[in-house]
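Take a look at the letters that make up each chain.
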Amino acid sequence: MSPLTRRLFRLMISIKGQVISIVVVMALALMSLISTHMTADNLENSMELYYRETNLADLQVELTRIPAAAVYDVERLPEVDRAQGRISVEVPFVVEDPEERVRVKVVSVPDREVTINALYPIEGRMVRRETSSVTVLEQFATGRGIETGHRITPYINGREVPLEVSGIAGQPEFVYLMEDEQNLLPDPESYGVLFVAEELLAGLTGYRDSYNEILITLNPGADPKAVADLLEDELDRYGLRRVMQREDMLSYKMMQEELNQVRAMSQVLPALFMLVAALIIYIVLSRTVKNDRMGIGIMKALGYSNRQILTHYVQFSLLLGLGGSVFGIIGGTWVSDIFTRLYIQYMNIPVLEMRILPESYFLALMATVFFCIFAGLAGARKVLYVQPADSMRPEPPADGHRLLIERITFLWKRIAFSWKMVLRNLFRNKRRYITLALGITLTFGVTMVAINMGGVWQTLFDEQYGEIYAMDYNIDFDGMKSNQTLREVQQMVRVSIIEPRVEMPLEIRHNRERKSLSVIAVQPDSQLYNLRTVSGEPLEMKDGLLYITDGLKKSMGIQKGDQVLVRNFLPDRDDFWIETGDSVVQYLGFNGYMTLSTMEELVTLPDHITGVSLKSEDDINAVMDDAEHVRQVQSVGEMREMFEEFSELIVVTIGILVMLGGIIGFAIVYNITLISINERIMEFSSLRVLGFHRREIFRMISRENALVTVVGIILGIPFGRMLVRIMMEAIATEVYAMPMEVGALVIPQTIVAVISFVVIAQLATFVKIRNLSFIEALKNRVT
Amino acid sequence: MFGFFNGNEKPVESNKTSEALIEVQGISKVYHMGEVDVHALKESTFEIMEGEFVVILGPSGSGKSTLLNVMGGMDSPTSGKILIQGEDITTFSDRRLTRYRRNQVGFVFQFYNLMANLTARENVELATEICDTPLPLDEVMEKVGLADRAGHFPSQLSGGEQQRVAIARAVAKNPLLLLCDEPTGALDFETGVKILSLLKEVNVTYGKTVIIITHNMPVGAIGDRVIRMRSGEITENKLNESPVNPERIEW
Chain H
1 MSPLTRRLFR LMISIKGQVI SIVVVMALAL MSLISTHMTA DNLENSMELY YRETNLADLQ
61 VELTRIPAAA VYDVERLPEV DRAQGRISVE VPFVVEDPEE RVRVKVVSVP DREVTINALY
121 PIEGRMVRRE TSSVTVLEQF ATGRGIETGH RITPYINGRE VPLEVSGIAG QPEFVYLMED
181 EQNLLPDPES YGVLFVAEEL LAGLTGYRDS YNEILITLNP GADPKAVADL LEDELDRYGL
241 RRVMQREDML SYKMMQEELN QVRAMSQVLP ALFMLVAALI IYIVLSRTVK NDRMGIGIMK
301 ALGYSNRQIL THYVQFSLLL GLGGSVFGII GGTWVSDIFT RLYIQYMNIP VLEMRILPES
361 YFLALMATVF FCIFAGLAGA RKVLYVQPAD SMRPEPPADG HRLLIERITF LWKRIAFSWK
421 MVLRNLFRNK RRYITLALGI TLTFGVTMVA INMGGVWQTL FDEQYGEIYA MDYNIDFDGM
481 KSNQTLREVQ QMVRVSIIEP RVEMPLEIRH NRERKSLSVI AVQPDSQLYN LRTVSGEPLE
541 MKDGLLYITD GLKKSMGIQK GDQVLVRNFL PDRDDFWIET GDSVVQYLGF NGYMTLSTME
601 ELVTLPDHIT GVSLKSEDDI NAVMDDAEHV RQVQSVGEMR EMFEEFSELI VVTIGILVML
661 GGIIGFAIVY NITLISINER IMEFSSLRVL GFHRREIFRM ISRENALVTV VGIILGIPFG
721 RMLVRIMMEA IATEVYAMPM EVGALVIPQT IVAVISFVVI AQLATFVKIR NLSFIEALKN
781 RVT
Chain A
1 MFGFFNGNEK PVESNKTSEA LIEVQGISKV YHMGEVDVHA LKESTFEIME GEFVVILGPS
61 GSGKSTLLNV MGGMDSPTSG KILIQGEDIT TFSDRRLTRY RRNQVGFVFQ FYNLMANLTA
121 RENVELATEI CDTPLPLDEV MEKVGLADRA GHFPSQLSGG EQQRVAIARA VAKNPLLLLC
181 DEPTGALDFE TGVKILSLLK EVNVTYGKTV IIITHNMPVG AIGDRVIRMR SGEITENKLN
241 ESPVNPERIE W
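Residue numbers (this note's numbering), protein chains in the order written: chain H, 1 to 783; chain A, 1 to 251.
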């Protein structure tokens, strides 16, 4: 080992506190990079594998009835690889508790071997021809505790049909189990899927040799949009309701969203953390170089070239980086395993497993090398300007001059001597304190993102269910009913407010984009739907306009005033064009909104509604249980609970990342404070020789740091807001709109956290001053 | 006591030749300090022969350190030439200058300037590591009398020992010339004399040209050539016909 390398190791040991904290920051940054990256890749790969193995349909067609022969015609289209008809009905599911409403989608499986959207066996036998058995979707089986051998009873076409559970399966169409667009949340206890033999379901529903759905896979290279357009024309005569491409399929779409979120996180947070780590290395290294001026002079005098000396210091940052990457890789793999386990628990991708992906490691190593070399070169570049002759002499004292504030004699006279010293120190070492202030600003930003993330979900739920949706219950009828129904409901329960509503699944099209969504029509002066525009103003609804949620508008590229084509799934109603109004804020899910009269004019019948929203203290579920024509009663409280449960995954994921952010925040303050102290050992020694008590020196430093902390915090507030905004924009999707403003308590909480970081770092200062051997420090001039 | 220096009264032989190793021609150095120009060196011209033991004398602020730094390629002059073996080092590129420092010059500083976190031996190794024709490291450590202290860190060595490490570091490179900036300045009299004797021995044994700068007048007596400076100018440059043994001087 060369003497320089040995020197490097000894240097690292002498500043081990900082070395450890930089290694920790590097490790955390890489942990977040590796874990999010590996999780996203694992998730994406498994999803692809699952879709491939189970042969997920490229197109799914819903229609009233199509004969088997016509399905063969579809299969003969040149773009189509296979087409498979199936029967699918939604029916009640018989349960013991009469108050519980459970619905199931019963889907036929063909007796052929090759199927589209094939069952993925989890347990038992998959149903094929047997007319007395059923295969149950895994989530539903888990949700209701159904096991192989149990008997279950769907209620199909007015008949209870007892079936024996032969097996439990996954199916790619229902990775994310959702009843329809209106119910974004999976509730596998009250909604499930059963797979039965085609013959049985055809017999029960009267679909002999005919189907109401077609699953289609396309040949490579075929354009799904073009085929969808073609099918829309061709299949119109069979009572076509809609042709869904993959991105319209609920489960597929939700999984993409989930993946996008993990991807977004794998980009924003690690990049931020890496930048912070590089910044700390830069600061430590540039200060080390500054303090090592004489060592550099000696090396130059001995004939070391600039390149050799630069390499010496860059090695320092590379060693730190590589040290960090060892821990980062171990930690990242571990966190990735945790994330993947969570996904396995929450998602239903049977093939999902934790795989070590070397490319994630490679990416992490490349990032480390890049950031470290960059930080190292930037930090050590001053080496180039050191004149060997100059560096042999002690540095000339810095220019002394009066501070601006000293000229304001009236003010200056009133400042106590001890504070004058503090102010002089601050203004005469501007660079050092600006670095510290900026470090605190950075810490403040990172910590604020962390704290804000912790509270943001609460805000999100509070705003969505409470302020925007102010009702207690939504009651959905089993079809369109006359306005009179509202009075009937009013007579059955005590309500403080009740409003009519129409909720319709519609498809909107804009340019090449198309999206199925639930459009809700309410009274323009609704008290239960307090819709708001993006700027926070209450939305004033006008007739003839369609208002859609902001995220959806952005993803479809719709601007206010654009005309969009609306297709409805009612057989005898025409498609129509409508102008879009202001964007609507909705934190969870996406919807369209319009006035009741617009809905009546364009889609439904006059004076007809599909449900009511109301505020009531009564247990509406119990009252409505026996009511006729009530399809479901949704309690907003329950919806909120379900959303909270659903969001757990993302909350845990972000929570882990945010914890890393907090540690990094502390590391910044700790490092910068320690560097500043190490640089001032001589100064402290001189003060001690002059007769200053340790306490007095400590008080002086504390005051300096307190002033700098205040400056750092003041700068940190706008910086933190900016970071929060970037973070929120990165994780916002069609389904989640994230609040851009920070919560009321976030700033005070962040201030407390940052001040505690500073205080802890101060304790390190105190220890240093207590152990200071000033005789030693003043003795020799060696480097 | 320094291993190869016997310390007896035998007159020290000089191995100087008649060839000029260094030709300093009209060298000036001006420092710009704000609005004031400080002339550290004014048009200085002189020659130094190969193998000479040269003492440059002058009070502090006379420009002697600047002169030494310029000759050693550690600083650049404002004008003038410095020919080392006929080559003008003031025209050297940064890279060439680095090579010059690496292979042809050994420095000894007043405050030793050792690397604190390297042992004595490693400090010497730091220099030999990069030069083309180093002397055997252990031999040099032995000759400066530090063989048994080689594993100690600078903080564990006395001032004299630290300066011997610095001399070993300069000598071990096997340079053409040794430039010593107040090598005894931080040492007590006795240790100072021993260091001077060591430098003289290096001059004799290895035939190295040694240039010492000092404000300590009596040291002038040991040089083959004595150059006096004042306010950036050479006031005297004379050959000393009978240089004395360092052990015989006093201050």
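Source of the hints: derived by calculation from the structure; they are not laboratory data.
It is possible that some hints are incorrect.
[Unchecked claim] In silico contact screen, one side only, chain H against chain A (beta carbon under 10 angstroms); selected entries: (1) Gln308; (2) Pro388; (3) Asp390; (4) Leu423.
[Stated by the list, open to error] With beta-carbon atoms standing in for the labels, derived distance ranges: (5) Arg230/A x Ser2/H: 52 to 58 angstroms; (6) Leu377/H x Lys81/A: 54 to 60 angstroms; (7) Val369/H x Asp37/A: 46 to 52 angstroms; (8) Ser93/A x Glu683/H: 38 to 44 angstroms; (9) Asn291/H x Ser231/A: 50 to 56 angstroms; (10) Asp37/A x Leu377/H: 34 to 40 angstroms; (11) Glu250/A x Ser2/H: 40 to 46 angstroms.
A quick note: this is a predicted structure, and the numbers were derived from the prediction, not measured.
Yeah, the Cβ is synthetic: ideal placement off N, Cα and C, and Gly gets one too.
- Failing hints, ascending? Result: hints 4, 5, 6, 9 break, sorted rising.
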